[in-house]
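Undergrad: Here's the letter readout for the chains.
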Amino acid sequence: MGIDGVKGIGDMKIAEIRNLSYSYRENCGQKKAVSNVSFDIDEGECLGLIGESGSGKSTIGSLIGNFLTGYEGSIHLMSNEKELADMSKKERHDLYRDIQVVFQNPWQSFPPNMCVGEGIAEGIRYYSRGLASDQKKLKEKVLETMHLVGLSASYYQKKCRELSGGECQRAAIGRAIIRSPRLLICDEVTSALDVSIQAQIMQLLFSLKKGMGMALLFISHDLALVGGICDRVCVLHDGQLVEELPGGREMYEKAEHPYTRLLMKSVLDII
Amino acid sequence: MKKKKMIKFRLIILMVLCAGLLLGAWIVRGHLIHEPFRTNVRQAFQAPCREYIFGTDNLGRCVACRILYGAATSLYAAVLAVLAVFIIGTAVGVTAAYAGGIVDRILMKITLVFQAFPNFILAVAVAGMLGTGLKNSVLALGAVYWITYAKLSRSLVLSIRDSEYIRAAKICGAGPTAIIFKYILPNMVSPLIVTAALDVSSFILSMAGLSFLGLGPSRPTAEWGATMSEAKTFIQQAPWCIVFPGLALLVTVVIFNLLGDALRDVIDEG
Numbered sequence: 000m001g002i003d004g005v006k007g008i009g010d011m012k013i014a015e016i017r018n019l020s021y022s023y024r025e026n027c028g029q030k031k032a033v034s035n036v037s038f039d040i041d042e043g044e045c046l047g048l049i050g051e052s053g054s055g056k057s058t059i060g061s062l063i064g065n066f067l068t069g070y071e072g073s074i075h076l077m078s079n080e081k082e083l084a085d086m087s088k089k090e091r092h093d094l095y096r097d098i099q100v101v102f103q104n105p106w107q108s109f110p111p112n113m114c115v116g117e118g119i120a121e122g123i124r125y126y127s128r129g130l131a132s133d134q135k136k137l138k139e140k141v142l143e144t145m146h147l148v149g150l151s152a153s154y155y156q157k158k159c160r161e162l163s164g165g166e167c168q169r170a171a172i173g174r175a176i177i178r179s180p181r182l183l184i185c186d187e188v189t190s191a192l193d194v195s196i197q198a199q200i201m202q203l204l205f206s207l208k209k210g211m212g213m214a215l216l217f218i219s220h221d222l223a224l225v226g227g228i229c230d231r232v233c234v235l236h237d238g239q240l241v242e243e244l245p246g247g248r249e250m251y252e253k254a255e256h257p258y259t260r261l262l263m264k265s266v267l268d269i270i
Numbered sequence: 000m001k002k003k004k005m006i007k008f009r010l011i012i013l014m015v016l017c018a019g020l021l022l023g024a025w026i027v028r029g030h031l032i033h034e035p036f037r038t039n040v041r042q043a044f045q046a047p048c049r050e051y052i053f054g055t056d057n058l059g060r061c062v063a064c065r066i067l068y069g070a071a072t073s074l075y076a077a078v079l080a081v082l083a084v085f086i087i088g089t090a091v092g093v094t095a096a097y098a099g100g101i102v103d104r105i106l107m108k109i110t111l112v113f114q115a116f117p118n119f120i121l122a123v124a125v126a127g128m129l130g131t132g133l134k135n136s137v138l139a140l141g142a143v144y145w146i147t148y149a150k151l152s153r154s155l156v157l158s159i160r161d162s163e164y165i166r167a168a169k170i171c172g173a174g175p176t177a178i179i180f181k182y183i184l185p186n187m188v189s190p191l192i193v194t195a196a197l198d199v200s201s202f203i204l205s206m207a208g209l210s211f212l213g214l215g216p217s218r219p220t221a222e223w224g225a226t227m228s229e230a231k232t233f234i235q236q237a238p239w240c241i242v243f244p245g246l247a248l249l250v251t252v253v254i255f256n257l258l259g260d261a262l263r264d265v266i267d268e269g
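Heads up: the protein sequence lines correspond to chains A and B, in order.
Counting from 1, position 219 in the first sequence corresponds to residue 218 in numbering that gives the first Met the number 0; the numbering is continuous, with no gaps.
Counting from 1, position 70 in the second sequence corresponds to residue 69 in numbering that gives the first Met the number 0; the numbering is continuous, with no gaps.
Source of the hints: derived by calculation from the structure; they are not laboratory data.
Hints should not be assumed to be uniformly reliable.
Okay, derived cross-link-like pairs now, PhoX-like style, lysine-lysine, Cα gap no bigger than 20 Å in a straight line [said to hold, decoys possible]:
(1) A:Lys89 x B:Lys169
(2) A:Lys158 x B:Lys181
(3) A:Lys12 x A:Lys157
(4) A:Lys12 x A:Lys81
(5) B:Lys181 x A:Lys157
(6) B:Lys108 x B:Lys150
(7) A:Lys140 x A:Lys158
(8) B:Lys181 x B:Lys169
(9) A:Lys158 x A:Lys138
(10) A:Lys140 x A:Lys208
(11) A:Lys140 x A:Lys157
(12) B:Lys169 x A:Lys88
(13) B:Lys181 x A:Lys138
(14) A:Lys253 x A:Lys264
(15) A:Lys31 x A:Lys12
Could you put together the complete structure from these sequences and hints?
TA: This is the structure we're talking about:
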């Protein structure tokens, strides 16, 4: 929070990542996915992580999301003094009240037979026992969130697999924002969607970010998309952070690393 | 659409038939014309007639009544046993896959030990050690059948354990119990149910096989396999004593197999 109680960029560190390294175990040894990566995410900031497939961007998202353990380096979240790996189960559970993830494939991020209402309610059920036990209030909260993400009440009983990609991703975003997280990790959220739907989802995410003041960690391989919306952009190559750039037009002007220039050139060539 | 409806209709018919078999076997037990255990040597080896539609055995007992009485024993033993191995095997498989690491390795090594022997040979060995009796033959077969469920459920859990919706559940704050019961089990149980429906028939057959070898329920239990085992010594003299229990076994096995197939078709159709 800022001095006068208004959330704003730079008020506090949502995430402090220092010298983060991670290797996947393979049949014949280990494969380094992330190597010595350091960056911060400020409150209300939108940080983009870009790189080609296998550059380690989703692994970083998974490490921050606590889906992977056994990393080297440190992850401090929500200005917590304790390092993520040193936290107890209870401490970690409490910490992740403020962190949510939206995944790449909207259909696969819900169980096949779960209906939209139930799926969105899952986002708050385990953190608000009082609300979870009061079915009426829970339904009201879910409907309110559905309205926020642009889904009408008629979708409440629909199975997630019956929805279109855009609708299902809206439901996934609804599940993520229902407990008003302070950090939303968006892991390739638009990759499985067609271009017109991509724009709608991006618009939704940014209106929500503005309204709720949450920070976004936007993981994508789409340089133009990330550059256009993020406050800062981290470029990853072979698991290493090769360059940190400001967002917007400045990104194109200030890029110096040959890999970043190559990425930009490939976008421009396509255009 | 029409095909989907037909598949569902077939499943309903077979479910009604199976429920009818189970219920009928229980109801008919108390309303038999002849006492299934009462011997009457003067009526021995009566060929099928109006009074004894399936004839009588070497002790003059009504074969039809023994088949109907034995239906409850065979069917309920098989259904309950399959239910038990379904629960035990699934619990082992889910625990192994979800816990991973050393727990997975230990549990899977145990299943490998059981798998090292042919199923029926292992069941015969276990039944031989435990002794005859319905309970022991069910235990012997249970010791063999749980492995299928453990292996299948483990592979099913492994295929969904790292899926995005399990990750989403974790980030939503769901604990292991909620993840297993709300996210994993409902999404993996269908193939297990199909296996269980198919296993009821093979369980009945295996139990009949054990009884036929003299390792099943002891005399005078009216279990189908045991009845056939008793009748095999006078197969030439009174073939009806073995033919009719065999037919009952055949019909029941076919019905449960069809039920398993219908369940699989419905699940495949989604």
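Undergrad: Could you run down the list of hints and mark each one as holding or not?
TA: Hint check:
1. A:Lys89 x B:Lys169: Given that 20 Å is the threshold and the Cα spacing comes to 13 Å, the pair holds.
2. A:Lys158 x B:Lys181: holds (15 Å)
3. A:Lys12 x A:Lys157: Status violated; Cα separation ~39 Å.
4. A:Lys12 x A:Lys81: holds (14 Å)
5. B:Lys181 x A:Lys157: holds (18 Å)
6. B:Lys108 x B:Lys150: Holds. Lysine 108 (chain B) to lysine 150 (chain B) sits at ~11 Å (cutoff 20 Å).
7. A:Lys140 x A:Lys158: Holds, because 19 Å separates the two Cα atoms, which is no more than 20 Å.
8. B:Lys181 x B:Lys169: Holds, at roughly 12 Å.
9. A:Lys158 x A:Lys138: holds (16 Å)
10. A:Lys140 x A:Lys208: holds (19 Å)
11. A:Lys140 x A:Lys157: Satisfied, since the Cα-Cα distance of roughly 17 Å is no more than 20 Å.
12. B:Lys169 x A:Lys88: holds (12 Å)
13. B:Lys181 x A:Lys138: holds (19 Å)
14. A:Lys253 x A:Lys264: holds (14 Å)
15. A:Lys31 x A:Lys12: violated (27 Å)
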